[in-house]
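Modelling step: build the complete structure from the supplied sequences, incorporating the hints.
Heads up: the sequence lines are chains S and P, in that order. Counting in numbering that gives the first Met the number 0, the first sequence runs from 0 upward without gaps. Counting in numbering that gives the first Met the number 0, the second sequence runs from 0 upward without gaps.
If you are wondering where the hints come from, they were derived from the structure by calculation, not from laboratory data. Be careful, since some hints might not be right.
If several chains are the same, the list does not tell them apart, and a pair holds so long as it fits within one copy or across any two.
[To be verified] Capping the alpha-carbon separation at 25 Å, the derived lysine to any residue pairs in SDA-like fashion look like this: (1) 152 x 168; (2) 167 x 12; (3) 76 x 110; (4) 122 x 62.
2 protein chains.
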Amino acid sequence: MQRYEIRLAGTGGQGQILAGIILAEAAAIYEGLNAVQSQSYGPESRGGASKAEVVISDGEIDYPKVTVPDFLLVMSKDAWGKYGQGIGSKTKILIDSTLVSIEQDSVPEGTRLYKLPITGMAKDLGKEIVANIVALGAITAISGVVSRDAVEKAVLSRVPKGTEELNKKALSAGYDAAMSLVAVEE
Amino acid sequence: MQRYEIRLAGTGGQGQILAGIILAEAAAIYEGLNAVQSQSYGPESRGGASKAEVVISDGEIDYPKVTVPDFLLVMSKDAWGKYGQGIGSKTKILIDSTLVSIEQDSVPEGTRLYKLPITGMAKDLGKEIVANIVALGAITAISGVVSRDAVEKAVLSRVPKGTEELNKKALSAGYDAAMSLVAVEE
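Printed below as a string of structure tokens:
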């Protein structure tokens, strides 16, 4: 694995930054890779859309920002409008189908589009706030960039005490649902 | 203000990343500046020291990482060992004197060294965990890079519900104590 770029896009309050930090820590602390996690705030950050980025590599990371994402998570319509432009022909796109609707014919050819009702699944677990962890499970399954085990360890070291079980369930729900999408595809 | 680089260094669990996010959001969302907040995880992240970075500018931020910090926060001995090397002759250094001891003659000439018992002050407020917010208050006072008002708004939008008053007190404690250091200096 040389360089893998992930962009997590949504609205403020969905926990994209925390998901990015967990992914970076899973890669670096538990898998021995290098990672940079960042958020850039420009004029667009005063609007509704927000994003967090993670670059993972087994070598040095010279440029710490995402250029063309290998993976794009989209958790709001605004975020799709703003960050859907920069995708490449090999980008894997995961959309939260509870909140956003995108059709295969509106993305570049070659792009893989995955749809999961991420926020709906989080609500089913009793807490909409764990939608970011459901998404993280799905990203882990689809991207294969870090192991499920490493991500679970990183989740448990970051979430508030007393919420470990809920977050483990959220991670599993996202992982399992995405694995079944990936299986259908193969 | 062209470009202002801040490095927050300590050990895992001290909340440096959250402090960095709050500082970036204060600058971007409440002051209309541009900001990038990042953490790089390399081989050294498997040890004890950890750091978070913020770059703030009124123009475009081409390179999102800290090159020579204008401001360095040091909250552990290990962090000083690892990140004390990259300082320039104009770096302002704030050390948590509860945890680290550095003498003026061990930093480059021209460097300004500020000492505050950050963790001790947080303990006095009843919660050691708010040491990062005490530090944030002190950084605000010493750097002048963002206003106290913007930082307070950003703190309140990020901290858990029910902890607002405690965090406001922590911010004030750090701000006021650092202002008195700055006053002595002038």
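Legend entry - Violated hints - listed by number, lowest first: Of the numbered hints, just 4 does not hold.
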